[in-house]
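Sequences are here, hints too, so could you generate the full structure?
Residue numbers (my numbering), protein chains in the order written: chain S, 1 to 300; chain X, 1001 to 1301.
Some chain S residues flagged as far from chain X (calculated, every beta-carbon gap over 10 Å):
1) Val27
2) Pro76
3) Glu84
4) Tyr91
5) Met95
6) Leu192
7) Asp194
8) Gln245
Chain X regions said to be covered by chain S (calculated; three or more residues, Cβ under 8 Å):
9) 1012–1022
10) 1029–1040
11) 1136–1145
Please keep in mind that the hints were generated in silico from the structure rather than gathered at the bench.
We treat Cβ as the ideally placed atom computed from N, Cα and C, and that holds for glycine.
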Amino acid sequence: MSNTVNPLTGAGVGRIPPRYRGASGAVRWTMRHLVPHLLLIGLALIFILPFVWLVSTSLKPDSQIFVLPPEWVPHPFKWSNYPEALTYIPYFLYMRNSLYIALFNVCAMLISCSLVAYGFARIHWPGRNLLFIVLLATMMIPYPVTLIPVFVIFRQIGWVGSFNALTWPALTGSAFYIFLLRQFFMTIPQDLADAARVDGASEFQIYRRIILPLAKPALATVAILVFLDNWNDFLGPLIYLGGNQQDYTLALGLNDYFGAHSAEWALLMAAVTVMVIPVAVLFFVSQRTFIQGIALTGRR
Amino acid sequence: MKRRVSRTTVRNTISGLLFISPWIVGLLVFTCYPVFASLYYSFTDYNILQPPHWIGLANYSRLLTQDPLFYRAVFNTLYYAALWVPLNIVLSFLIALLLNLNVRGVSIYRTIFFLPSIMPQIASALLWAWIFNPQFGLANAILGSFDIPTPGWFSDPNWSKPSLVIMSLWGLGTTMVIFLAGLQDVPRELYEAAEIDGAGPVRKTWNITVPMLTPAIFFNLVIGIIQSFQVFTTVYVVTQGGPVDSTLFYLLQLYRNAFSYFNMGYASAMAWLFFAFVLLLTLGILKTSGRWVYYEGEIRK
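What follows is the structure, encoded as structure tokens:
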């Protein structure tokens, strides 16, 4: 890779390695540098096109939506689509509900998963490994299996039709995030905790004052993934909030809106754009944490 | 001495259990009980208003012998999985390879390929419903401008599943990132050694990169299969299982039985067949993995 000739700036041309000299070398250079780049540009265009189409549609006047061939640039830019889309349905109410559920889950999951992960990673006790295997095994159970009995439980205690069923369970943690945090806690050196222990610190103090501050990157990853899980969730709100429009999340609200105005694409795309913005912002401010988290868990 | 050790053990056990107690509660309430309850419901007639009524294997025999919609859902789900799982792996592998070539602006490309995968499902479902609009959508406008015949996408029973596949491929970022992480771990020396032996890029990819990434391929294969079996949001929102049941997927049919018709027992039987199938398939793949997944540091027999 050190002999790379930069195809854009030409840097490195002066020291063309022997295998790229001459006519057949030029072919080889093209295959090695130009073709991958062109492929990437082509693919990236395909991936970015839906976003452009989304934003472009969201700013078009109605008359321009149903035009063939489609025009990319709205003429004129109809910014009023946004306020209109946001007042068509109680958008801010739905957004508040989504935020409430997502942030509640983030806080509750951070507390519960870090506590449990500490118990699995930092304290030695008999039976710990066995229970950890149980934890790993529960990740293999697909959620449709537990869906119905959990619904029956929540129905019996009167939690269907309220946020409770979507929020409180987070206090019991989630196997995936416990696993992620446990792996991270295992890498923190033991001597800090040992020194604190000699000074008479309790396990909880060690957890609170030593492990949690050192685990900030892992906790940030969990926070972001939990937020996304809940912000994007559809089936959960659909089952537990059905019927009570006051409690709808954005995902449910958009579904309703689509059902009622399936031909008003400009307003619909404006509403979709507003739902996507928090996700995009979250991504751009925390790109590294984000991608590391995905690479670690393999999950969205 | 011995007593002191055992006292620490007792103390550690108590604090260990205290720390994991939130999860223990969750394990009992949200996993153990529900798994057995759903197995029990699957042998009952249960409409949630009256207590479950034991009917033995009737749900299972009705599913397997008298329910054409069940087979329809199984067929649709497997059809979708057979298309999406391999395409998703191959395409994201190729993109990860391209990104690994140290091209300029790699972080911009990575962002572009990754961003769609974190879109809320409902958002991408609605966006693609518009892109695939048969008359005024983007897809047919592009095809039309090249004089390529324009399909009806979501509104054509033959095209609805491929359309879903295309839509889901837009979200291949997650799979790609896992491959990218794997590519970082391939030792450089292997490539250098191969270059000295005169291997070209294709050979190096096929004989070094692919074998070294088999653990990531294996991981993405298992996760991908499970994911593809659980498609729900798009088919619920956009196609509602149609046209002519061509996107009636397993989870949608399960959802309808449980929450539209309140056949909780019947839906639980569907859930358990699903569980059994996924488990067998995963074990099957696991069994073959010894033959094709290469773990570094492991000595081949």
